[in-house]
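2 protein chains.
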Amino acid sequence: MTIDIRRFSSDQADFSAQMDALLAWEAVSDHQVQQIVTDILADVKKRGDAAVVEYSNRFDHLHAQSMSELELGQEQLQQALDTLPQAQRDALLKAAERVRSYHEKQKQDSWQYREADGTLLGQKVTPMDRVGIYVPGGKAAYPSSVLMNAIPAHVAGVNEIIMVVPTPGGELNQLVLAAAAVAGVNRVFTIGGAQAVAALAYGTDTVPGVDKIVGPGNIFVATAKRQVFGTVGIDMIAGPSEILVVCDGKTDPDWIAMDLFSQAEHDEDAQAILVSPDAGFLDQVKASIDKLLPDMQRADIIRASLTGRAALIKVADMDEAMEVTNRIAPEHLELSVEDPQALLPQIRHAGAIFMGRHTSEALGDYCAGPNHVLPTSGTARFSSPLGVYDFQKRSSLIMCSPDGASELGQVASVLARGEQLEAHARSAEYRIKK
Amino acid sequence: MTIDIRRFSSDQADFSAQMDALLAWEAVSDHQVQQIVTDILADVKKRGDAAVVEYSNRFDHLHAQSMSELELGQEQLQQALDTLPQAQRDALLKAAERVRSYHEKQKQDSWQYREADGTLLGQKVTPMDRVGIYVPGGKAAYPSSVLMNAIPAHVAGVNEIIMVVPTPGGELNQLVLAAAAVAGVNRVFTIGGAQAVAALAYGTDTVPGVDKIVGPGNIFVATAKRQVFGTVGIDMIAGPSEILVVCDGKTDPDWIAMDLFSQAEHDEDAQAILVSPDAGFLDQVKASIDKLLPDMQRADIIRASLTGRAALIKVADMDEAMEVTNRIAPEHLELSVEDPQALLPQIRHAGAIFMGRHTSEALGDYCAGPNHVLPTSGTARFSSPLGVYDFQKRSSLIMCSPDGASELGQVASVLARGEQLEAHARSAEYRIKK
Numbered sequence: 010m011t012i013d014i015r016r017f018s019s020d021q022a023d024f025s026a027q028m029d030a031l032l033a034w035e036a037v038s039d040h041q042v043q044q045i046v047t048d049i050l051a052d053v054k055k056r057g058d059a060a061v062v063e064y065s066n067r068f069d070h071l072h073a074q075s076m077s078e079l080e081l082g083q084e085q086l087q088q089a090l091d092t093l094p095q096a097q098r099d100a101l102l103k104a105a106e107r108v109r110s111y112h113e114k115q116k117q118d119s120w121q122y123r124e125a126d127g128t129l130l131g132q133k134v135t136p137m138d139r140v141g142i143y144v145p146g147g148k149a150a151y152p153s154s155v156l157m158n159a160i161p162a163h164v165a166g167v168n169e170i171i172m173v174v175p176t177p178g179g180e181l182n183q184l185v186l187a188a189a190a191v192a193g194v195n196r197v198f199t200i201g202g203a204q205a206v207a208a209l210a211y212g213t214d215t216v217p218g219v220d221k222i223v224g225p226g227n228i229f230v231a232t233a234k235r236q237v238f239g240t241v242g243i244d245m246i247a248g249p250s251e252i253l254v255v256c257d258g259k260t261d262p263d264w265i266a267m268d269l270f271s272q273a274e275h276d277e278d279a280q281a282i283l284v285s286p287d288a289g290f291l292d293q294v295k296a297s298i299d300k301l302l303p304d305m306q307r308a309d310i311i312r313a314s315l316t317g318r319a320a321l322i323k324v325a326d327m328d329e330a331m332e333v334t335n336r337i338a339p340e341h342l343e344l345s346v347e348d349p350q351a352l353l354p355q356i357r358h359a360g361a362i363f364m365g366r367h368t369s370e371a372l373g374d375y376c377a378g379p380n381h382v383l384p385t386s387g388t389a390r391f392s393s394p395l396g397v398y399d400f401q402k403r404s405s406l407i408m409c410s411p412d413g414a415s416e417l418g419q420v421a422s423v424l425a426r427g428e429q430l431e432a433h434a435r436s437a438e439y440r441i442k443k
Numbered sequence: 010m011t012i013d014i015r016r017f018s019s020d021q022a023d024f025s026a027q028m029d030a031l032l033a034w035e036a037v038s039d040h041q042v043q044q045i046v047t048d049i050l051a052d053v054k055k056r057g058d059a060a061v062v063e064y065s066n067r068f069d070h071l072h073a074q075s076m077s078e079l080e081l082g083q084e085q086l087q088q089a090l091d092t093l094p095q096a097q098r099d100a101l102l103k104a105a106e107r108v109r110s111y112h113e114k115q116k117q118d119s120w121q122y123r124e125a126d127g128t129l130l131g132q133k134v135t136p137m138d139r140v141g142i143y144v145p146g147g148k149a150a151y152p153s154s155v156l157m158n159a160i161p162a163h164v165a166g167v168n169e170i171i172m173v174v175p176t177p178g179g180e181l182n183q184l185v186l187a188a189a190a191v192a193g194v195n196r197v198f199t200i201g202g203a204q205a206v207a208a209l210a211y212g213t214d215t216v217p218g219v220d221k222i223v224g225p226g227n228i229f230v231a232t233a234k235r236q237v238f239g240t241v242g243i244d245m246i247a248g249p250s251e252i253l254v255v256c257d258g259k260t261d262p263d264w265i266a267m268d269l270f271s272q273a274e275h276d277e278d279a280q281a282i283l284v285s286p287d288a289g290f291l292d293q294v295k296a297s298i299d300k301l302l303p304d305m306q307r308a309d310i311i312r313a314s315l316t317g318r319a320a321l322i323k324v325a326d327m328d329e330a331m332e333v334t335n336r337i338a339p340e341h342l343e344l345s346v347e348d349p350q351a352l353l354p355q356i357r358h359a360g361a362i363f364m365g366r367h368t369s370e371a372l373g374d375y376c377a378g379p380n381h382v383l384p385t386s387g388t389a390r391f392s393s394p395l396g397v398y399d400f401q402k403r404s405s406l407i408m409c410s411p412d413g414a415s416e417l418g419q420v421a422s423v424l425a426r427g428e429q430l431e432a433h434a435r436s437a438e439y440r441i442k443k
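For the protein sequence lines, the chains are U and R, in the order given.
Residue numbers for the first sequence follow the numbering used here, beginning at 10 and rising by one.
Residue numbers for the second sequence follow the numbering used here, beginning at 10 and rising by one.
For reference, chain U alone in the conformation it holds in the complex (with noise of 0.2 Å):
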C-alpha cells in the first residue's frame, strides 16, 4: 500500500505556484473564538480567582472548591523526579545539563564606553522579574517542552518562574512534574486555556501576575496571548510545526523517512519536506515511507500529515536547494549532506540548522543543547529561537559631562526647534554653558 504525497520539481513552470500552495496555512482564529477569549480575560482580569476555578471545573472537569487546590507543592514535583525509572531519570538530567549549558553561552552582559569629553554610553541588560510558562495538557503534554521554556528563564536570571499546566479530568503527568523540579520551576498550577493565560497577564490573589509569558497551546491560549500583548511581554505565536531535509541522496533513505516521520507524528498539520537534487533517491525515500509506515504507533497521524501537507522537491542542485530553503524559512533545517558547512553561507532564515547525516532533528528536539522552541510558518524570516536573550531586557545609560551636554545640547536644540518642540529645545539649551 502506498500513500499520496505531493511531488513537483523547481523546472516546472508552476514552480512558484507549487511553493506557494504548499505553505499556505491559516491559523484559524475565527469571530467565535476572539469573543470567547475576550470575555474569559475580562472575567478572570474582574474576579480573579473564582473566575479561573469556574473555567478550570468546566473546561478540564476539574471539582476544585478554590484556587489552593489548583497548585502543585515543590514536593509534588521533587516526589515526581525521584519516582521517576532510572533510565528516565537519567537522561531527563543529562538533557538538563546540556540545555543550561547551551543556553548559557547567549546571556548578554552590560556594556559602557566613554567618549573624550567624558561621556558615558552604555546598556545595562537586566532579567525580567517573574515570568510564565504555559505547558500544554492531556496527550501533547511535553516534559523536553517544560526544560526548553524554563532553563533559558533560570539562565536569564529570572526570579520566579510560574508553570501552568492544564491537568484534563485532573490526570498529572509525572515526567511533567519532573521536568518542573529539574528545570528550577518555582510555582506550579494546574490550570489552562484563556483563564490560565489571562492570570498570568493579570494576577490573582493566589497566581501572580508575571512579566511574560511564554509557551506553546492550542487556538484559545494563541488567541489570548496576542489579546494580552503588551500588558505582559509574548513569545510567538506558533503554528504547526515543520521540518525540511535537504538531501544529497546520499543518506540512508530509511533515516530520512524517519526523520519526516518524527516530524508529521506531532499532528495532522505538521509538515514535512524533502527537497533534493536526485530524482532516484526521492523514489527511494518514498519506497521507505510506504515501508516503514504501516509499523508506525502513531501511523494514522503521520499518513494525515505526509499526505496533506508533505512534499518531495526536486531541485537542479544545492545552490537552488538553498533557494528553496531561504523561500522556506523552515523551522528546523536538516542538511544531509556530506558538507554542510559549505552551505551555511547561503542560509538566511531557519530556526534550527541540523547539520549532517547523523544529526537528527530528534536530537535537537530533547538533548543536543539548542531550543526546540523554534519560529514556525516561515516567521524565522524575522524570529529567533527561544532563548536566554527572550529573558533579559535592555536599558540605555546615558550620562553626559557638562561639555558633553553643553555641545549635544546645541544640536538637540536645533532637530526640536525643527520639531517645533520648543520645551525640548529649551530643556537642552539649559545645559549649553555660557
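For the record, the hints were derived by calculation from the structure and aren't laboratory data.
Just so you know, these numbers come straight off a predicted model, no measurement behind them.
Among the hints, a few may not be true.
Intra- or inter-copy, both count: the list cannot distinguish identical chains.
[To be verified] As a list, the in silico PhoX-like pairs of lysine-lysine whose alpha-carbon atoms are at most 25 Å apart: (1) 295 <-> 323; (2) 300 <-> 323; (3) 103 <-> 442; (4) 133 <-> 114; (5) 259 <-> 323; (6) 133 <-> 116; (7) 443 <-> 300; (8) 300 <-> 133; (9) 443 <-> 259.
Add chain R to chain U, keeping to what the hints say.
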C-alpha cells in the same frame, strides 16, 4: 495663575492605591476600530494597490490615480537634504553619526563551539531581508524618529528599508524626507494608517512585503500591527510617552520643570512624574512650572498633560525612590542627582536612564546616540529600546559527530518514548552505533 498637579507622599496610607491610579492606562481599541482595521487589512490583502490608493485618497484627502503617484524617488529625498538650512543639515548629520556609532556596539555575532567528541553547537546571526518603517504624518512627523527607526536596521545589515509616511492633504515634511536620505531608507511611500500596515505586511504589486514593521502610529496603526503580528514581526505597541525624574533636590528647579514640560508637550496623554525626598524642592519645581508655563508655545498641551496625568511624589529617601522607579518601570528615567552611578544597581526596569544633572532627556531624544524608541506604560519590565537586535535573528546550529549522535541518540530515545513519540525515538536510534 497656578495649575493643579497631583501630589502625594509615600507616607500616606493610600500610597499604593495612589500609585495604581496614577499609572492606570488602557489603550482604547474598541470593537469598532477592530472591525474597521480587520476590513481594511482583508481588502488590501485581496485587492492590493487599488485598495491602498482608495483608502489613501479617502483618509488623507489625496487624488492619486495609481500607486506610483504615492512613491517618492531617491532624488526627492536627496533634494530635501540638500536644500535644508545648513544648521539643520549639520544637526541631522551629527545626530545620525552618533546614533549609528552607538548602535554599532549592539551588533551581535555568530558563535560556535566544539565539544570533546567533535559535536559542534552554535548560533548563527543574520539580518532580516526587508523591513518596513512607519512614520506618522501630519503634526507629529518627526525626522528624529526616521533616524531612530532606520539606522538600527541599516546597522543590522537589512537589505531593504521601506518607509511609509502619510501625507494628509498632500503635505510633505522636508525634514522627514531629509532624514530618510541620511538614514539610508531605500524606498518611501506616502501612505499611512491600517492600509499602509497591510501593504507592508502582505505586499502589493508596488509595495514589497516586509519581514517586520516598526514605528509608532495612531490607534488604527497600532491595532493593525497587532493583527498582522505573526505574518510579520512588529515592535512593541507604544502607549503615551512618559518620564520619571528622580531628583535629590539640588538641581535648578527651572531645569526640572522644563524637563517635565519636554515630556508633557508631546500630547495630552503624556505623563511626567517627579520624585524627590525633598518636599521643599517639590514646592520649588511647582513654582517654576507655574512661572514658566504661560510662555510655552505648547502651553495648552502641557497644561492638559500635567493636570491630567502628572504627579509630584515625596518619598522618604533614595532607596524608596528606586522602589517607586521599579514599580513604574518608566520609559524615560532621569536621575538628577550627584552620583547617579551609585543608584544604578538598584534599577531593574527602565527604557533609558539619563544620568546626572546635565543629561536632560531631550539630548537622548535627538543625538546622544541611544535609541529614542523605548518601552512605554511599564513595558520596560519585559522589553527593550528599539535596537540592532530587533533587526537580527538567530538560527541554532547543531552538527553531531558520529560519536556524539550515538551518545545523544540514547538520551533522546528514552525521552521520546516517554512522550510516546516513536518516530522521534527511532530516528535517533538509527544514529546509535551498533
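Structure-based check of each hint:
{"no.": "1", "hint": "295 <-> 323", "verdict": "within (13 Å within a copy, 74 Å between copies)"}
{"no.": "2", "hint": "300 <-> 323", "verdict": "within (21 Å within a copy, 77 Å between copies)"}
{"no.": "3", "hint": "103 <-> 442", "verdict": "between (62 Å within a copy, 19 Å between copies)"}
{"no.": "4", "hint": "133 <-> 114", "verdict": "both (18 Å within a copy, 13 Å between copies)"}
{"no.": "5", "hint": "259 <-> 323", "verdict": "within (15 Å within a copy, 73 Å between copies)"}
{"no.": "6", "hint": "133 <-> 116", "verdict": "both (13 Å within a copy, 15 Å between copies)"}
{"no.": "7", "hint": "443 <-> 300", "verdict": "between (86 Å within a copy, 22 Å between copies)"}
{"no.": "8", "hint": "300 <-> 133", "verdict": "neither (57 Å within a copy, 37 Å between copies)"}
{"no.": "9", "hint": "443 <-> 259", "verdict": "between (76 Å within a copy, 20 Å between copies)"}
The structure fails hint 8 only (numbered hints given earlier).
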